[in-house]
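Participant: Letter by letter, the chains look like this.
Protein chains: 2
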Amino acid sequence: MRNSASNAPAEIQAGLEPEDPMDSDSEYFASYGDPGVHRLMIADHARTDAYRRAIEAVVEPGMRVLDVGTGTGILALFAARAGAEVWAVDESSILGVARELAEANGLASRVHFLRDRVESVKLPHQVDLLVSEWMGFFALAECMFRSVYVARDRHLGPDGRMMPSDVQLFLAPIEDSQLHVERGVGLWQRPVHGLDFSPLMEHELHNLITSAVDLPQSSLLSPGEMLLELDCRTSSTADFFFESEVGFTIERPGTLHGFGGWFDVGLGSDVRLATSPFVPQTHWRQSFFPIRPLAVYEGDEVRVQLRATPKEHGDRRLPIYFMDLWIDREGDEVHRAFYSHEGSFE
Amino acid sequence: MRNSASNAPAEIQAGLEPEDPMDSDSEYFASYGDPGVHRLMIADHARTDAYRRAIEAVVEPGMRVLDVGTGTGILALFAARAGAEVWAVDESSILGVARELAEANGLASRVHFLRDRVESVKLPHQVDLLVSEWMGFFALAECMFRSVYVARDRHLGPDGRMMPSDVQLFLAPIEDSQLHVERGVGLWQRPVHGLDFSPLMEHELHNLITSAVDLPQSSLLSPGEMLLELDCRTSSTADFFFESEVGFTIERPGTLHGFGGWFDVGLGSDVRLATSPFVPQTHWRQSFFPIRPLAVYEGDEVRVQLRATPKEHGDRRLPIYFMDLWIDREGDEVHRAFYSHEGSFE
Numbered sequence: 001m002r003n004s005a006s007n008a009p010a011e012i013q014a015g016l017e018p019e020d021p022m023d024s025d026s027e028y029f030a031s032y033g034d035p036g037v038h039r040l041m042i043a044d045h046a047r048t049d050a051y052r053r054a055i056e057a058v059v060e061p062g063m064r065v066l067d068v069g070t071g072t073g074i075l076a077l078f079a080a081r082a083g084a085e086v087w088a089v090d091e092s093s094i095l096g097v098a099r100e101l102a103e104a105n106g107l108a109s110r111v112h113f114l115r116d117r118v119e120s121v122k123l124p125h126q127v128d129l130l131v132s133e134w135m136g137f138f139a140l141a142e143c144m145f146r147s148v149y150v151a152r153d154r155h156l157g158p159d160g161r162m163m164p165s166d167v168q169l170f171l172a173p174i175e176d177s178q179l180h181v182e183r184g185v186g187l188w189q190r191p192v193h194g195l196d197f198s199p200l201m202e203h204e205l206h207n208l209i210t211s212a213v214d215l216p217q218s219s220l221l222s223p224g225e226m227l228l229e230l231d232c233r234t235s236s237t238a239d240f241f242f243e244s245e246v247g248f249t250i251e252r253p254g255t256l257h258g259f260g261g262w263f264d265v266g267l268g269s270d271v272r273l274a275t276s277p278f279v280p281q282t283h284w285r286q287s288f289f290p291i292r293p294l295a296v297y298e299g300d301e302v303r304v305q306l307r308a309t310p311k312e313h314g315d316r317r318l319p320i321y322f323m324d325l326w327i328d329r330e331g332d333e334v335h336r337a338f339y340s341h342e343g344s345f346e
Numbered sequence: 001m002r003n004s005a006s007n008a009p010a011e012i013q014a015g016l017e018p019e020d021p022m023d024s025d026s027e028y029f030a031s032y033g034d035p036g037v038h039r040l041m042i043a044d045h046a047r048t049d050a051y052r053r054a055i056e057a058v059v060e061p062g063m064r065v066l067d068v069g070t071g072t073g074i075l076a077l078f079a080a081r082a083g084a085e086v087w088a089v090d091e092s093s094i095l096g097v098a099r100e101l102a103e104a105n106g107l108a109s110r111v112h113f114l115r116d117r118v119e120s121v122k123l124p125h126q127v128d129l130l131v132s133e134w135m136g137f138f139a140l141a142e143c144m145f146r147s148v149y150v151a152r153d154r155h156l157g158p159d160g161r162m163m164p165s166d167v168q169l170f171l172a173p174i175e176d177s178q179l180h181v182e183r184g185v186g187l188w189q190r191p192v193h194g195l196d197f198s199p200l201m202e203h204e205l206h207n208l209i210t211s212a213v214d215l216p217q218s219s220l221l222s223p224g225e226m227l228l229e230l231d232c233r234t235s236s237t238a239d240f241f242f243e244s245e246v247g248f249t250i251e252r253p254g255t256l257h258g259f260g261g262w263f264d265v266g267l268g269s270d271v272r273l274a275t276s277p278f279v280p281q282t283h284w285r286q287s288f289f290p291i292r293p294l295a296v297y298e299g300d301e302v303r304v305q306l307r308a309t310p311k312e313h314g315d316r317r318l319p320i321y322f323m324d325l326w327i328d329r330e331g332d333e334v335h336r337a338f339y340s341h342e343g344s345f346e
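First to last, the sequence lines map onto chains V and L.
What the first sequence shows, in this note's numbering, is residues 1 to 346, in sequence order.
What the second sequence shows, in this note's numbering, is residues 1 to 346, in sequence order.
Excised from the complex, chain V in its bound form (with noise of 0.2 Å):
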């Protein structure tokens, strides 16, 4: 094993020292631990773009903004920009180069950066405003909306805002043949190389990935329906963890190989983020929940309920989904079927 320093040479050494002062490189580093990922959610223009709009709509000067989970800062910079006083909260190193950021757009004076859980930061005032983009792979993935919670208990005046001010979750029956084979339990169904694969079907069954996909809208076979909706000044972090039903009438005879799931968040002034097959992609893209492939006919009402229970031990990246489904055709009852669904969204 090489020691990286000696490698390189003196004057190249000088220039891997960061220019302004930060808590420390390896810090920094560390906060590349998730390599990517600011890039990804700041890349994402629908997302980031939104956000914008709403805040240059919604913040007004003089306000008291608090920003869950700053990261690189953005979102506390858009609103520091439209004329607030920012508390922009992250326990993530990138902390360091949110300040940086901040100063290199003539910011730093109105944004306050600590480097903390939000759960013990303490502001010396109420807030009119809590920003956050928590939102996971079907908003639900990560259960960062917990530490938003809390933060709005503690911190948010009682006519102050939230951002997001609502989710709401869809559903939809989706055909799809490729989705099927490539993240649905098709790709076990023929023959794999002359040999028989068909068990893993069987085993994969028993406990179905749920995956970020891009939906084609030609995949639906009904329109989306609400599954849920919660307000986020209201609702508690129990309300995440969902117990509901949706119901679909099918539009066109076809095979059921799963739902297609996305959401919607209201981020204030009428300005919404939508994740659904019909507006352009972001990098939420959709969630696809496989089941085994069924045929069904046009008029099938379909009824699915969901429910969303977070994993027992540990990783809160992934919830568990349990899904019930029955179909009825003309009045009876033909199909009924469970399945369970781990998220897992690389």
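Treat the hints as calculated values from the structure; they're not laboratory data.
Each hint should be verified, as a subset may be incorrect.
[To be verified] Covered stretches of chain L, as calculated for chain V (at least 3 residues, CB under 8 Å): (1) 68 to 80; (2) 94 to 102; (3) 198 to 212; (4) 222 to 231.
Values in this document were obtained by computation on a predicted structure and should not be read as measured data.
A virtual CB, placed ideally from N, CA and C, is assigned to each residue, including glycine.
Starting from the known structure of chain V, fit chain L onto it as the hints suggest.
Facilitator: Relative to the frame of chain V, chain L by itself:
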């Protein structure tokens, strides 16, 4: 928090029990902790078919074969189908599935499944052929060759063969504005919704991320050159942490955004498995090593020294690469730079 079993109707719960004996449900499910990985590998047609062809060409009835890291057992099944007696080793619980697949294909009597680390396993005989699909991104990620080489030194007979038999690494200079923005440092060169984010570029340049990408052939500023070649029969683990230099002559004027990397392995009997931009895509794709962009001209001589080093602490999946770069123009050195890259292959 709900108990999953209690949510399912009783008759459906019964259906959740695996039909075939396995080590245990929990172990089976644990094997899906890295979801989709077996699916990804098996669905990679170029990969799986190259192994199938090589195994069918090399394996003769009665041959003894060791499969290191057998996963779902697909390579072991190819060898068994060709008449070999196979020892298939994996420490993952996926081995229960592999056993089931061997039974489904009538090959269970020819495959000995050993759930163990290959470093601990005992075999009754030396083997004639060691098969393994150990390659990570840019071949080196995962460092699984370490285990393969231990198995080789302990279990391969004096005239035994290795599959793969050799590994070649390639590098090429790349111009690609889209990659530069999406995976290089280009995102920060332009204002971000009216904010100056260029300090992030300076930070990123201190610790660049090597990622898996699809390199268009048109992005190459000169053909690829071989950086490293290893004989899998005779090389040692230390040989994988190489320090190697390669030179290119730029064929057209452009902007050098970084270097593309890929690998080739020989599988025996003239079958090669290649991951270059010139052959159909594999799940390994190509690797992109970004740099600070640089104008280059036809005839420029570009030299790169690349060193691969394991991370000191822990994560064996991501080697660190150090790159020295020189550019000579009409006999003069016009540029010299040093970069450090961490591998990230999400």
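Participant: Hint by hint, say whether it matches the structure.
Facilitator: Structure-based check of all given hints:
{"no.": "1", "hint": "68 to 80", "in the structure": "holds (count 4)"}
{"no.": "2", "hint": "94 to 102", "in the structure": "holds (count 3)"}
{"no.": "3", "hint": "198 to 212", "in the structure": "holds (count 9)"}
{"no.": "4", "hint": "222 to 231", "in the structure": "violated (count 0)"}
The structure is inconsistent with hint 4 alone, although it conforms to all the rest.
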